[in-house]
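Q: Each chain is listed here by its residues.
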Amino acid sequence: MNREAKVISKNVDVFYGNKQALFDINLEIFKNEVTALIGPSGCGKSTFLRCINRMNDVIDICKISGEIEIDGFNIYKQGVDVVRLREKVGMVFQKPNPFPKSIYDNIAYGPNIHGIAQNKQELDEIVENSLKKAALWNEVKDRLNEPGTGLSGGQQQRLCIARAISINPEIILMDEPCSALDPIATAKIEELIDSLKSSYTIVIVTHSMAQAARVSQRTGFFHLGKLIEMDETDKIFKNPNNKMTQDYITGRFG
Amino acid sequence: MSDDHIVKSYDEELHIINDAIVQMGSLTESLLEDSMNAITKMDKDSVSKIVESDKKINKFRASIDEQIMTLLVKRSPVAIDLRLAISTLKISQDLERIGDLAKGNAKKILPLPEDDLPPEMLNSMRRLGEAVQKQIKLSLDSYLERSTEKAIQVVKDDEQVNDLTKISIKEVLDFLAKDKKNLEFATNLLFVSKNLERAGDHITRIAENVYYLISGDYPKKNK
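Protein chains in written order, with this note's numbering: chain B, 1 to 254; chain Z, 255 to 477.
In short, the hints are calculated from the structure, not lab data.
Hints should not be assumed to be uniformly reliable.
Stated by the list, open to error - Derived DSS-like pairs: lysine-lysine, alpha-carbon spacing no greater than 27 Å straight-line:
(1) B:238 with Z:344
(2) Z:262 with B:238
(3) Z:404 with B:243
(4) B:238 with Z:474
(5) Z:328 with B:235
(6) B:243 with Z:391
(7) Z:313 with Z:328
(8) Z:448 with Z:303
(9) B:235 with Z:344
(10) Z:328 with Z:344
(11) Z:448 with Z:391
(12) B:235 with Z:448
(13) Z:328 with B:238
(14) B:197 with B:133
Required output: the full structure, derived from the provided sequences and hints.
A: Below is the structure:
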């Protein structure tokens, strides 16, 4: 298989004040694949995820060193346009967080502020396409003007994914996107992740081992701020190299 | 870091499965021994006891299948636990087949004459049986001790079993060549030799699965 690294992390250290949250993270995330990040709470996996679109910048005491390259370009280089970066790297959070606006406006908001749509017709197309890609169109096409917050949890999460897609990102970061959802809604999101990977590079943080095994091609295991092991998901869940990885995924971690 | 699961009942379930394989293995080992004794001593009285032992082995197989199924449903095992579940399932299947073959062999002696059989032929069969018995012991030890070295040795020993099978078959054919009326007996004895070889193949598979359980890979064939 010909794999192209979309994101490369080089010697990334992250500090929250005096506390070091990530230690020398070196890894590659491949294009058009789903990469899962697993590890116990506080292991640094979400911190790392947020490094990829510089979401940690909004935290005053957070300091980052090292490099994260996207398509070979260091996003922590001085003068990088963070707004442009986040246009390229979308994010979906644990709890669905639609804007208190209509379903239509939830999707149209991004393309509007980023100036992606030239006119109403184009905007309509973007809204429709984004909702279709997020497998939500059929459920909401007749009520686009109703508030997004009126949808079910699973639908809201797909709305958030549609919103992330609407500005044509190349990478989608998902921070435990299914932890607030029931199994059916979870299955729909997982099916969606599967279908999205042909167009996007996806990084997902999850507490569910089974979900990591189901949706990802590669899995990275973090512990106490360090990347312990990263490998093919199949390898990680059948025969991991590291004892600590095995102890964690089999529920032996003491 | 400990080797125990956070959920204690998970460990208990794995221990129960492990113990069941050990018990089933030791029962199969005894059955194989009894079956060989019955053949080499033409002890027809022991056959019914052998048939009963085989039933016990079959029950173990059914119970292990059930326990593995429950484990998969309840625990969604991964890594070493997943490999234990899968390899145990296969090992119990092979043990059951070995039991069937040993029982089948014992039953094959029922129509045979109690003496009159050429001692060379019985000796070659005894040697084959001993090789298979040695092989199953080593195979079960490899499981118990989680030893890849012993598992590899079992795989290597299979060649010897195959060679001894050929010798044993030749002896049976010589016996047949001596007198056409030996045909029925000889056919039965051919089955005995062939069944022992097949038992050896199952034992080899057990060792291969033990190797997989430990290492996550199958032993490379040296061919």
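Q: Going back to the hint list, which numbers does this structure go against?
A: 6 and 12
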